[in-house]
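Participant: Going line by line, the protein sequences match chains F and V.
Numbering-wise (this note's numbering), the first sequence opens with residue 1 and increments by one.
Numbering-wise (this note's numbering), the second sequence opens with residue 1 and increments by one.
Hint data in this document are derived by calculation from the structure and do not stem from the laboratory.
None of the hints are false.
Residues on chain F that point at chain V, a partial pick, calculated with CB under 7 Å:
hint, residue
1, Val198
2, His219
3, Ala229
4, Leu237
5, Val252
6, Thr304
7, Val311
Backbone N, C-alpha and C define an ideal beta-carbon position, used for all residues, glycine too.
Chain by chain, the residues run as shown.
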Amino acid sequence: MNAALDGVDDPFLEAAGQALRAAGDGPDPLTALGWWDLLPDLGDRDVRAAALALFRAHGRELSSSVALGALLAQPFRASAPAAPGTLVATIASSAPGRGARLLVVGDVRGKVLLIDRPGHGADLVAASDLELRPLAPAGGLAIHEVPVGGVEPDRSARLGVIAEREAAPARVRARFLGRLAVAWEILGAAESALALAVTYAGHREQFGRPIGTFQAVRHLLAWARTDCAALGSVAALATSLDELAPARYDEVVKALAGRNGRRICEQALQVLGAVGFTTEHRHHAYHGRVLALDALLGSSAELTHGLGAWVRETGTDPSVPAATLWSSPDRS
Amino acid sequence: MSHFVSPEDPLRDDQPAYAAAFEGWLAAGPAAFRDAARPIVSSERRAAATRELMRTLFDDGWSRYGWPTPAGGLGGDIMHRAAMWEALARHGLPTMAMFEHLEILAPTLVAMGRPAFVAQVLPTFLRGQECWSQGFSEPDAGSDLASLRTRAVPIDGGHVITGRKIWTSWAGYARWCLVLARTGSVEDRHRGLTAFAVDLRSPGVEVRAIGQANGTDELAEVTFDGVPVGPDRVIGDLGGGWRVAMHILSHERGTFAWFRHCLLQGYLSGALETGSPAGAPEFGSPAGDGALGQAVLDLAAVRAASYAGLRAQAADAPLGVRAPFVKLLLCAAERSLNDWVLESDPTLALGVGDDHAAVAWQEYLFSRIVTVYGGSQQMQLDTIAKQVLRLP
Ligand SMILES: Cc1cc2nc3c(=O)[nH]c(=O)nc-3n(C[C@H](O)[C@H](O)[C@H](O)COP(=O)(O)OP(=O)(O)OC[C@H]3O[C@@H](n4cnc5c(N)ncnc54)[C@H](O)[C@@H]3O)c2cc1C
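Only chain F is shown next, with the shape it has when bound in the complex (with noise of 0.2 Å):
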């Protein structure tokens, strides 16, 4: 823990940090955490607040679990007949050229998965039933996809079906949850990779004294530091407000996430030298998952281009409306 690093004084960030470490191949962390007992309260500010610390927890720890994919399943919770702890989202992705794709964050073993189909409901399907193979981004994410052949089971294959009615709300209220989950997970690694360049600096010596009394390697870490009180501010303020956001206040924070993260990631290699490409440095990790979640749930550049087209067409002023700054309930 250095001075890169704040959010020291949130007792359950370092209670999932501790949990998290503490894991291994014991007992699930998030049920020794009580996690799954913050998810029916999600609209209360401090459960928020408190579930969605354990994804920076996840973050710094570059650890994984089924927690986003369970976050992105909450609001279809009540339309999905599966036990408490149990049912967890896919995630779809696409590229152009490469098509559509299922994800799946953590072990989802002996899990039911909810597969959203927009437009079409949702399908429920046992994970036992599915075949999934593992990718291996850098950063130590286990993520898995879900082969093309697996995401259309046969109708005697699925668990249950959610109607289209049902899914289309939930769908908007999970991608929000999920978008402000991946956005702290990857504030705490992109700044766990800062305070790593933090310490080297102090360290390291050319010319005869540490890199980190040179200005321009002072400035290159101030910026990302910056770029990290951006993202920590604007991901407290959705975390706080939840459902009184604006509309697609959920692509600026997961776009201003993708576009700080990588920053400051940058400037952290850029401080680190040669060895921070090595993989014998830990750095490669912390970067590889920022990059790997900027991929998940809409990427720093689509959402961004996204909403510029919108600002321009609609006329909208995307900002948080001074009124619900006034009104909200965490003003002192």
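Fit chain V with the ligand to the known structure of chain F by using the hints.
Facilitator: This is chain V with the ligand only, laid out in the frame that chain F set:
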């Protein structure tokens, strides 16, 4: 609307109610607001229209909220001021002009000035009659403010000030200048300074306007030649000028970002209005959507961070290390928004178009220098490296 200080005032005690009531006042389209909300190229006409708006806001009570009653206000806190300026900007007021110093200097005057003096000057400032300026920088003291050489020599019944200040925004429109002067030795650096409120109408004061590259005349050079100032004009303690300066700069870098970013947000909305016969917005095309998206992100960042700063200020928590972040985020937003404007219409640089275009060009050029005033970008980064990251 009648105003008297009462033990119970719903507008004072309930800031959202104040904001809603002010919204109603604006919706009625008061003439002083309409006149100030137009694009005005001339600085003099801009100043006159803004003064007139301030007179109306004061007389109708709105601008007195957020200031303590002993200083002529109606009580409440910075959240009232934040709400008033946010609404003005959202409805199309393009600038605070000289009244930027209401959010840069006035909080420090109220916190550290002699109460009787503050009660005299704050209402006339709020009402647009007698404005203020900030005399910190000198020809040889820019980023290194603590090296300043303007001297204040003690005499019977006060001090006499001699020296030269430069880049003094709005001095040409101001009655007062808050001058940071040396009462100790140059070797004392920041320990030998005192802040004085100097009447710019005093004999020995000369204000020379400096033309700006964007065509406005905000900047001036102010020379002081043996100008007497009385003891009631000392702000803060004798020898305590650095504390005063830091208090002012924490507002200029911290809370001021809320006020300025509201203007940027309003500017963006105005630029996207579909005013032209073709029904197309004045600015913007699909090719610029990426740049516009970047501006949206930067504006969201400064909004969230400066809102947190407002709340800290309202709760009397120190702005502390927040200020340099907010300042950098404000600069980034101001730049990326104007990057998008120029990308949308490169012909702004040719001087074609109407008053909207002329003001857009002024704003674009100004956005290139925002990383210098109030402590340059490099100084903010230095502060973060040292005080937040604690680098060696
Ligand atoms: C629009 C505008 C309005 C202003 N209004 C006011 C006002 O109302 N009152 C007032 O007192 N002043 C005002 N100023 C002046 C402002 O505070 C100074 O411009 C600022 O402090 C920088 O000083 P300088 O311009 O002399 O630049 P310098 O200090 O000479 O700096 C020049 C460049 O060198 C860099 N630099 C300097 N020192 C270092 C260092 N140690 N490390 C790295 N880089 C360094 C700076 O970052 C900058 O890029 C205003 C300026 C502008 C542009």
